[in-house]
Every structure is written in structure tokens, then in C-alpha cells.
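*Asks:* Read off the chains here:
There are 2 protein chains.
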Amino acid sequence: MKISTLSIGDELICGQLTDTNAGTIASVLLAEGLRIQRHLTVGDNESDIIGALSDLGRVSDAVIVTGGLGPTADDMTSRAAARATGRRLVINDEARNHVRLMSSKLENLIFCPLSDKQSMIPTKSALIPNPGGTACGFHLMHNGCFMFFMPGVPSEMIVMLRNTVMPFIMERVPHKRVIRTASLNLFGPCEAEIDELLLGIASPERGLTLGICVTFPWMRVTLRAEADNNDAATDLLLPAVRSVRDRLKEYCFSSGDISMDDVVSELFRDRCLTISLAESCSGGLIAKRLTDIPGSSAYFCEGTVTYSNVAKTRLLGVPVELLNSFGAVSSECASAMAKGIRLVSGSDIGLAVTGIAGPDGGSEDKPVGTVFISFAAPDGCWTKRFQFNGNRNDIRTLTAWTALDWMRRYLLKRE
Amino acid sequence: MKISTLSIGDELICGQLTDTNAGTIASVLLAEGLRIQRHLTVGDNESDIIGALSDLGRVSDAVIVTGGLGPTADDMTSRAAARATGRRLVINDEARNHVRLMSSKLENLIFCPLSDKQSMIPTKSALIPNPGGTACGFHLMHNGCFMFFMPGVPSEMIVMLRNTVMPFIMERVPHKRVIRTASLNLFGPCEAEIDELLLGIASPERGLTLGICVTFPWMRVTLRAEADNNDAATDLLLPAVRSVRDRLKEYCFSSGDISMDDVVSELFRDRCLTISLAESCSGGLIAKRLTDIPGSSAYFCEGTVTYSNVAKTRLLGVPVELLNSFGAVSSECASAMAKGIRLVSGSDIGLAVTGIAGPDGGSEDKPVGTVFISFAAPDGCWTKRFQFNGNRNDIRTLTAWTALDWMRRYLLKRE
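Protein chains in written order, with numbering that gives the first Met the number 0: chain H, 0 to 414; chain D, 0 to 414.
The set of hints was computed from the structure by calculation and includes no laboratory data.
In this text, all values refer to a predicted model and were calculated from it rather than measured experimentally.
Possibly wrong hints are sitting among the right ones.
Stated by the list, open to error - Pairs of lysine-lysine residues, derived as DSBU-like cross-links and limited to a Cα-Cα distance of at most 35 Å, are as follows:
| hint | chain 1 | residue 1 | chain 2 | residue 2 |
| --- | --- | --- | --- | --- |
| 1 | D | Lys1 | H | Lys116 |
| 2 | D | Lys248 | H | Lys116 |
| 3 | H | Lys1 | D | Lys116 |
| 4 | H | Lys383 | H | Lys248 |
| 5 | D | Lys338 | H | Lys338 |
| 6 | H | Lys248 | D | Lys116 |
| 7 | D | Lys175 | D | Lys1 |
| 8 | D | Lys116 | D | Lys175 |
| 9 | H | Lys1 | D | Lys1 |
Said to hold, decoys possible - What follows is a list of derived Cβ distance ranges for each label pair:
| hint | chain 1 | residue 1 | chain 2 | residue 2 | range |
| --- | --- | --- | --- | --- | --- |
| 10 | H | Arg408 | D | Pro153 | 22 to 32 Å |
| 11 | D | Ser53 | H | Asn228 | 34 to 44 Å |
| 12 | H | Asp261 | D | Ala297 | 50 to 60 Å |
Even for Gly, the Cβ is constructed at its ideal location relative to N, Cα and C.
This is chain H alone, in the form it adopts within the complex:
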């Protein structure tokens, strides 16, 4: 089954908003062994939408469209869909009732005026219910191609995709080649190094492919096995996954959608250890990431963002003389901060970061990107100096990743 996606919106085609729906749809389809062939984006322009629907309709068995179903005047997907498929646009009673019901619910929170525009649906279409918002979706068949229309709001779209669109598509997929995928996430080496490490694992002629995807500052290796049935695909995939794991060793921090934050969080819980943070140049980013995880209060005691020297002394007990002799960005200060936060918080582990995120503040000795990370634990205190490259945001991101990866490696060794 050839499937295409179409995202509609001026804000997408003009680069004001990055489209995430196409990626979400692709992931959901991939999990069922289906692949997007083409993804197209056009603006809120009737003739562009009509052209896109005709072109994609010609080369696809199904087109999944998102965006342009809102209440405002610049949303014109329904009208374009009607014109492109030779239908009339009429008030749909079910859609109208839904708009009214949802609007009355939402009124408690924010005032949203009622709009009949969202009740106008092309004739000879079936509704796609939207439990999360006012805009119903719809689907229709035109010249042998199924076309699905959903609003662009990601949280509404995903529910409609899962509840209505996917079951409809899966019923109509003819003979299915089974696709199974697995992905491993890694932090540390560069793409070319990974490519060399993994040489010879892929075997496209047997239906086993391997892709490396760089998502600064980490990477994902995805294995994809295609076979006639589930067992054959699994037999192809699993040994390859094992080989990749063996070769990547400790670079690999997780598989699938498990983030570095999830891994570190799980390890803290499992080892029954607690942590407190003393952050300077990372400005709360590590605390934010550790507390992104629900239930983080089990291991996260407290965080401090000690930007000023006064705060480093008052909150962490870093001696004024040490700051005067070595400076706030120094190995000595980092380890005093780590030991200090461990002591005052009573946590098992104290982690401290001090450095120069830029763009200003660098010197010849300590250029922008110089970062000291210190790790105080029951069995010792370690401090390392790093030199990161990039802009302020890159340096802060690399600092947080490196600190989290260090925690991960430490916790892994403590059974």
C-alpha cells in the first residue's frame, strides 16, 4: 500500500512552525510495517491544496492530510478537499452537534466563539471523531485513493489517527510483508566512527537495513528487518541487534524511545541512591531534565543554581579564598561545589558543574566551552575538565548530556 502524507499550513511552508505531524504519522505507520513514500507540505492556499491532493492521489493508495480545519478564515482544507474531489461542502449535523458540545465544554476555561465553519464537510464523506477538540475530521475515497483529513493540532491528530484512521487502513492492507524495527541510542562517538564500528551488519539483500540518525548531541542506530512473516523478521532482527549492542558497548545508553533521562532516573531508583545538584553554567538544565521524569522526588533531593560567587559560598560552603585563588571556573571550585552540595543536602551523590557557556567570559587559559564537572559519591570525588564546542545552547546541552552520561556509567557499576 502506497501511503503519502500532506501537511497544510502557511506557518509550515513559511518556516514559522516545524511540522511534527508527518513524523508522528510515519512512526505510527512504521510500527505496523507500513512506510510513508512521500511527504508533501503546502500553504493555506486553495489551488496549492487542490494540486497537492491531485498529485498525491495519483501516485498513492492513501493520503493522510493534516491541518487547515480550524475555525479561522485562513483554514481552507475542507473547501479545497471538496473541490479537488468534485463534492459539495455542506453542513454536517453530527459535526455541528460536536462543535457545540465541545465549545460548551471549553467555555469553562476560555472563551471560544461558536463557528459553523467547522461543521462544513464535503458530501459523501465519513466523519473522523475528534474527542479532544472542536474540528471533526473526515475521510473519503476519490479515484481509488483513500483520503483522510484531520486537524493539525498534534494532540488531537494522534488520537484520531489511532482510533479511526489506522484501523481503517489496516483492514485494507493486502498481503503484508512484515517489518520489524529496533533502535539503539548512543552518546559519545562521531557518525563515521559508528559507521566503521557497525560495518558488515546490514544486509539489504536479506532484507536487513541499518540507518544512523544524528540528533545532536546523541545518535540513533535503527535496524529494520523485512520478511514474509513475523518469525522470519524476528530471526533476522535479533542477532543483528545483539551484534550492534556488542560493538557499541557502553556508548549505547538505551533502546527505542527510552531517553537518557529515563535511564538515569531508573538507575537512581533501582540503586536506591539520592542526588542533589550544584549547577552554575548549566543554569538548572540538569535539574530540569532529572525532574522531567514523573516520580523524580524519589531520588532528587534538591538543586541549586549558584550563578554568583556569593551563592556558591552561602549555599555550598565554597571557601572565599578558594574562589579568589582558583576562580569560579576551576577544578578546585567544581569539587568544592560537589562536596558542598552533597554535605548540606545529605544526598548520596552531589554533582556540580561550573564553566563558561559563552558567548562572553572566555580567556586564553579557559576559552568559552571550558566546563568542569565534579561528582562526589560515597566512594570518592572525581572532577574532569571538558572542552565543548558550539554556541551557548550547544555547550549547555553537551554539559547536561555529559553529566547525565557520567551518572549513568557510575550507577551501572554499582550493583
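Got chain H; can you put chain D on it based on the hints?
*Replies:* Frame of chain H, contents of chain D only:
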């Protein structure tokens, strides 16, 4: 001039990575009054790339392609470009010298094996220099359509686009209609409310359009004026911008690419005030955002992430009896935290946040999403209760935005 973009990559079409290049290219073109008509994405598959190049080439005067020029086996854009345009793929000496030079530079940092693959360029093409990476780009003319090929790494692509592709395109744009755009950013009301507030400002027949783009949790209103010359476009645009500003009033926090964080940061500097934070459920997110801005040490004294009650008492002096009587998520605790951090840090302003980000921890009285924000300043202490909706991430994001917006409104009133 009809311009299309093509992004190539399995990780894009499979939804593992979100494409940002198309948006970047669109923004750069828009600034020059040019608009992308279609944006297409396909995977690293030779026949899909050839099909995409032929289709886009047929309907466009220029196609800007990104991705698939890397050193690894799954990158096959050069070969597909050669086949699609009837050219041979040959070693280009200039490209080879560049790959060698860049590889030797990069070797200091990370080991990247040398690859001749990146020196293979289709015949009858001109190189697009890449000062930031090993992969040169190239451009060629096929059946009256200019085709530009660049690597997918965003930081490399943008330089190549600005230095080579844009000057090449701008020299060949025939009669130019001038497009001027302006955008205003707002936080608070819902899309339909904004739409109603701004009714009648757009006037497409005169070349003035208005778009609303929702980027949770804020929105952007973009005005676009198209006219024969710069003066006419400006005359069309400026009064409309003033009207939008008048009607949005304090909802509007900035224009263009200026973020909420930038605005708050600038206000703190301008008013010569300092701030310290006591965060509970936002877990360092507000500190992270305030310190994202270079030079934030001028106004940001310290941040604390006081997850545990012990930390609230030890670091902020919140009385144990208060925590026992009212609980950590209470108006009383929030204001004690705000006053506490203001006092111990010696900052002008103390901001505190305590709430339930979920998914667990809610009760009938205080469901998930209940958040107290307290603001202690020289002229008083104010505490408000909010009820936010959404998942853990939404609630934390809304908490940070609401706190920052509160600071902004407070600072605006203090001349």
C-alpha cells in the same frame, strides 16, 4: 519564480528526526520576498529521490535539496541526482581536496575516517563550498530548472544557503513583487478569541494577509504585505501592525524572533533588578530559561529546586508547622518560599512555584495541574492559584510561561 524544497533522509520519512531545514530555507527565502510552493520529503531510496527530483523539476524553476550527502552507505543523493539528470558521477578534485583538508582539521577532536565517496559529484555541476563540514554541495541546471544539493546538517546547510544559493537565486529572480512581513507574539488567549479580536485587519484584495500560528503555549500573528515596491509594502504593513498591537494590548509580549525569555531578561537589566528562584514542581525549568540568555548573571542571583520539604525548610526557611498545616502545595507555602528565597539571597525579587505536575499526587481538593505561584518584591508579595491542563510536560511548561509572563507584566509597570 517557483521554488520547491526536497528533504532526503530515512530518519525524516520514518519520523525519527524532525526536519528543520525546510523551515530554515523558507524563512531565508521569505525575507527576500520569495515563497516555497511545495516542500517534499522522501527517504534514502534511489528511485524515490529520482522520482521526487523529476516531479519537482517539472513544476519548479528551482529545487533546493538537503540531505543524503554524508560519508555513509545510506547516503545516496549524489548518485540519484546524477541518474535523474543524465549525468555521470565522477571524482571532483576540488571536492576531494576539501574533504581531506576538513578531515585533517577535525582529527584533532574526533576520529573520522577519510572517505572518497564525498568527492563524487555529477558532471556539469558547480560546487557549493561548505566551510563547516566535509561534504561539498553542488548545483546544476536540468530542463530549465536549477537544482541545488546541500548536506542535511543544519549548521552547514544555512551557511551554504546564505553564501552561495541565495545570491545565485536572487540574481535570476525576474520582476520582484516586494513582500514585507511582521509578526507579533502573544500569550494568554485562545486562537478563536484572537481571530475575533483581529477581525477586519486583513485585506487580501489589497495584498495584506494575516495568519495565526499556535505554538503551545504561545501564539504568533503574522502580517504579510505584498506590493510593487518597498514603500507601498511598508505603507500597507505598518498601520496594520499598529492595529494588531492596539487590539492585543498586554497579551502581546514581543515581535519577530524575540522570545519571552529575551523580553524578561531585557526588562530585568533595564530596571536594574535582581531575581532568585525557589522552584518545586517546575524543577529548574524557570532557572534554565532565565539563564538561557547570555549575560543572565547580571540579574539572576540564584535558583533553588526544593523538591523535598526538608529542602524547603533548610534553604528557604519555610516553617515545618506551616508545611504540616497547609501542605507543600498551598498558597501559604508558595508565599513563604518566595519571601524566603528573597530574604536569604538578598535579591530584589523572589519568585516561587509549588504545585502538582502529575501524573500522580493529585487529590480532589488539589487535582493534578494545581500550581501556586508567588511573587515577592520590594512593594509587596502576591500569590495566585492556577489550574493548568495537560500532561506533566504541558503543566510544567505552562507554569514557567505563566511565571515569566507575570514577571514581564510586573517589570513593565515599574519604570
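*Asks:* None of the hints should be skipped; say for each whether it holds.
*Replies:* Structure-based check of all given hints:
no.	hint	verdict
1	D:Lys1 x H:Lys116	holds (32 Å)
2	D:Lys248 x H:Lys116	holds (28 Å)
3	H:Lys1 x D:Lys116	holds (32 Å)
4	H:Lys383 x H:Lys248	holds (22 Å)
5	D:Lys338 x H:Lys338	holds (28 Å)
6	H:Lys248 x D:Lys116	holds (28 Å)
7	D:Lys175 x D:Lys1	holds (12 Å)
8	D:Lys116 x D:Lys175	violated (40 Å)
9	H:Lys1 x D:Lys1	holds (27 Å)
10	H:Arg408 x D:Pro153: 22 to 32 Å	holds (29 Å)
11	D:Ser53 x H:Asn228: 34 to 44 Å	holds (36 Å)
12	H:Asp261 x D:Ala297: 50 to 60 Å	violated (36 Å)
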